[in-house]
Structures are given as C-alpha cells and as structure tokens.
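J.: Kindly generate the complete structure, drawing on both the sequences and the hints.
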Amino acid sequence: MKLLVAALGLLFSNSIGAADYNIRDYGAVNDTTVLSTKAIQQAIDECHQAGGGRVVIPTGQYKTGSIVLRSNVNLHLEMGATLYGSTSLEDYQPQKSSYLSLRTQQQTVQLIYADSVSHVVIDGYGTIDGQGRSFVKQSWNDEGITRPHLLRFIQSSDIVVKDITLRNSGCWMQHYLACTRLTIDGIKVFNRNNYNNDALDIDGCHDVIVRGMIADSDDDAITLKSTSPRLCENVNISNCVVSSHCNAVKLGTETNGGFRNICISGIVVKPSEDQKEKFFGQWIGSSAISLEIVDGGVLENVMVSDITIEGTESPIFIRLGNRARGYRENQVIDHVGKIDGVHLQNIQIRNAGAMGCSITGLPGHPVQNIWVRDISFHHKGGVTANDMTAIEQSVADEKEKEYPEATMWGNLPSKGFFIRHASNVHLEGIEIITSQPDVRPDIVKTDVK
1 MKLLVAALGL LFSNSIGAAD YNIRDYGAVN DTTVLSTKAI QQAIDECHQA
51 GGGRVVIPTG QYKTGSIVLR SNVNLHLEMG ATLYGSTSLE DYQPQKSSYL
101 SLRTQQQTVQ LIYADSVSHV VIDGYGTIDG QGRSFVKQSW NDEGITRPHL
151 LRFIQSSDIV VKDITLRNSG CWMQHYLACT RLTIDGIKVF NRNNYNNDAL
201 DIDGCHDVIV RGMIADSDDD AITLKSTSPR LCENVNISNC VVSSHCNAVK
251 LGTETNGGFR NICISGIVVK PSEDQKEKFF GQWIGSSAIS LEIVDGGVLE
301 NVMVSDITIE GTESPIFIRL GNRARGYREN QVIDHVGKID GVHLQNIQIR
351 NAGAMGCSIT GLPGHPVQNI WVRDISFHHK GGVTANDMTA IEQSVADEKE
401 KEYPEATMWG NLPSKGFFIR HASNVHLEGI EIITSQPDVR PDIVKTDVK
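Numbering-wise, this note's numbering puts 72 at position 72 of the sequence shown, and it's gapless, one number per residue.
Be a bit skeptical, because a hint or two may be false.
[Claimed, not checked] The list that follows gives simulated cross-link-like pairs (lysine-lysine, DSS-like), each with its CA atoms no further than 30 Å apart:
hint	residue 1	residue 2
1	LYS401	LYS278
2	LYS188	LYS137
3	LYS278	LYS162
4	LYS38	LYS137
5	LYS137	LYS401
6	LYS401	LYS449
7	LYS399	LYS449
[As the list claims (entries may be wrong)] The following label-pair restraints were derived from C-beta to C-beta distances:
hint	residue 1	residue 2	range
8	SER116	PRO437	58 to 64 Å
9	GLY364	SER118	43 to 49 Å
10	TYR403	ASP185	16 to 22 Å
11	VAL29	THR180	34 to 40 Å
12	GLN348	LEU100	40 to 46 Å
13	SER423	PRO229	22 to 28 Å
In short, the hints are calculated from the structure, not lab data.
Cβ coordinates follow ideal geometry from the N, Cα and C atoms, glycine included.
T.: Encoded structure:
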C-alpha cells in the first residue's frame, strides 16, 4: 500500500511539473560543423506555448545563430554542454526593441535575445561561447551591429542567470536593459577576445542581485549604466572576483538617469592571469571603483565596502562631468547632473600605479556628502619635484566634456586623494604608502567646502 501511494505521488508530481524539451529531440546535432539554430528555437517556442518548462542543452557541442527566449522558459545547459555561437554574421537575426535608448534605436545582433519576457532562467554547469574573435572591429560604434552581444535582455522581469560559464563575446558579454528583478548568481565570465569586451552591463534595471561572479574581461567588468531616463536602482553586488584592463566596478559612463540605492561589498579586484593581449585600458587595470555622472543624471545613496584591490593605475575615481550625451538623437542635455551621498569604507589597495585617486566635480557643481573611511593605499610612487609642473598643467584643464576615465589626467597632484569642487567630504583612517619616494602630499583639496 505504501509503495502504491508513493508511486501515485511520484506520478502526480511529474504530471503537474514542467516538462523538459531536449534540443536533440528537435534535431540539434552534437557537431559544431552543423547549425542547430532551428532545432533550439523550436524547442524554446514549444516549451513557451505549453506554459513553460526546461529547454535542455545536453552534454556535447552545438553551434547556433541567434535564438530568442520566451517567457517561462528555463534554458538549462548540462555539465559538459557547450553552445557555440556561429562565426558567420548572416546566422544572426537583427532585432529592434520598442524601448527608447540609444542602444535600441537601431537593429542589433546577439546570440541570445529576449524582449518583454518574464520568468526566464538560464542555468546549469555548461558553457556558452560566442567565438567573438571571429568578428573584426569595423568602426568605432559597431558593437552589437557587426559584432554580436552574447546575451541581451530588454524590459523583462524575473530573470535568473545562474552557475553557467560565458566566454568570448563579440562585444559586451551580457546586457540587461530596463529589467526588473534580475539575479546573476555564481556565473563565470571570460571575455578577452575583442574590443568592448565588458563582462556584465546592467542598464537602467531595478531590484538586482549580483553575487558570486568570477569575471575576467578586457573592458569593464561589473558595469552599471543608464542609457535612458530610467535609473539603475536597488542593486546589491557582493562576493565577486573580477579582473579588468579597464574598470573593475563602474557606475557609468552612460548616465542619463543615474544610480540610486546601490550596495557593493566583498569584491576582490586583481589583474588578469592572462596578460598576453590587451585591446583597451591598462595592463594592471585603469581603476577598481569608478563612480561617474556625466550625462545629467543623479548618483545618490551608494555604499562601497570591504574591497580588496591588487593593481589598477588609479584605484578610486569619483567624477561629476558634463559630457551631456542624450539617450535619443539630437537630444539636448541642458544641466549638470549630481553626485550626493557616497560611502567608501574598508578598502585595501596593493601594488597600484602611481597616479593616485580623485574625487572631482565642476566649478559651481560640487560632488557632495562623500565619506571615505579606512583606506590602506599602497602604490609604487616615484614622482619627483621635476614632475610637478607637468602634473599641475594637466589637472588645470577641467576636461568637463571629455570621456570620464580614472587615468584622464595622468599622475595627480597628490599621491593619495586629489579632491576638487566638492562639499562635505569626510576622510578618516587613510593610509598612503609608496614603495619609492614621492614628493606629493597625501591629500590635495581645491575648492572644497
């Protein structure tokens, strides 16, 4: 009797559970000389039409062009499964979203695409490899045009990306635009095979958790953006290990809306173990923490804590500028944005470059209410009295309209923090140590209240 009850219970649970849709049942082939796009898409579409379930990529190697995810679909990659992106651009289906943003006003190509979906999961211990080196950079703004993104979600909700490995995108690895309730959990990212090789871009998203990611990227690693009036807000990023030739953790550069309620903690920043090639940035990284507003948005209520940094030329960079680039064609941004309410605390920095760190606003537009506590900053130093004239000449240029970059002035007037056009800045427990003698003072303040 007990066995009968158990059997009936198992049958009942299977009958109400979501089904699996194995791509091999739809004609996918474990052979990277064969394109399996149609089979994968058919499995996704039937899973969605049936109300949801798992689309399974079984152990093996498969090649695909663009696939489009649907609501209530779990794309699951088994251990030992690798999904390769085609190296031919004609296998990628151009997409254009209704969402208003500079990055959606034209057709773009991506390996995996989703727009206006909900309850989508990508998980498993398999790998998605975009083979992005095959797509040669043709112009300055060709990312997503002739070089595919690997993964892109737009105006979607309840999205989970968990455990998988992502490798070798043609440009940005993953772009989440105007999404709500997004979780990135325990994934591994390697993206060092082309220009614009960001690891993670979260753009105007709300209610986001990023945890346990290990990422190694040529361009920016963990990046929050705001390419529309929609702010990035209510974001928690924790317990990640990241390497980047550019910015390890960055809020910016696109900042039309801005950033609010951001908590970043428990991050290890280190140089890449693969130092054979560099497309952008610096061999040891440009910065570890970059907080920027340059397109009229706001940055407020941001907490960065418990960060361990090895390398980077200028580890901490807070910048209010006035590039004033709009989110639609010919838009005029007629105001300077705002940075108000930033806490940086418990940050260990070793083996950094000699540039120093900076916190800068603009004349009449100070950054405000900045707390910097318990920072141990060790770098190589070596600046001499003969270098100071050139340094002062460099920082005399406010570079109001220029692209914000931690290295934009080169060596700064201080070996610790250069603070200019700021109000209510608190510095506590700051230790600056250089391996070579350095004539610069630890802190330089200009137009600071």
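J.: Please go over all the hints and tell whether each is borne out by the structure.
T.: Do the hints match the structure? See the list:
1. The suggested pairing of LYS401 with LYS278 holds, with an alpha-carbon distance near 26 Å, which does not exceed 30 Å.
2. Distance restraint check for LYS188 and LYS137: the Cα-Cα separation of roughly 25 Å lies within the 30 Å cut-off, and the hinted pair is therefore satisfied.
3. Our distance criterion of 30 Å between C-alpha atoms is met by LYS278 and LYS162, whose separation comes to about 28 Å.
4. Only pairs whose Cα atoms come within 30 Å are accepted, and LYS38 paired with LYS137 is accepted, the gap being roughly 28 Å.
5. Between LYS137 and LYS401 the CA atoms are separated by roughly 26 Å; this keeps the pair inside 30 Å, and the hint holds.
6. Between the alpha carbons of LYS401 and LYS449 the distance comes to roughly 24 Å, so the proposed pair stays at or under 30 Å and holds.
7. Under the criterion of a C-alpha separation no larger than 30 Å, the hint pairing LYS399 with LYS449 is consistent with the structure, at around 22 Å.
8. Take SER116 and PRO437: their Cβ atoms lie about 59 Å apart, and the range 58 to 64 Å holds.
9. Evaluation of the 43 to 49 Å hint for GLY364 and SER118 yields a pass: the beta carbon distance comes to about 45 Å.
10. As the Cβ distance of TYR403 to ASP185 is approximately 32 Å, the hint placing it in 16 to 22 Å is violated.
11. Range check, VAL29 to THR180: about 37 Å between beta-carbon atoms, so the 34 to 40 Å window is met.
12. Hint check: GLN348 to LEU100, Cβ distance near 42 Å, so the stated range 40 to 46 Å holds.
13. A hinted range of 22 to 28 Å for the beta carbons of SER423 and PRO229 is consistent with their spacing of about 26 Å.
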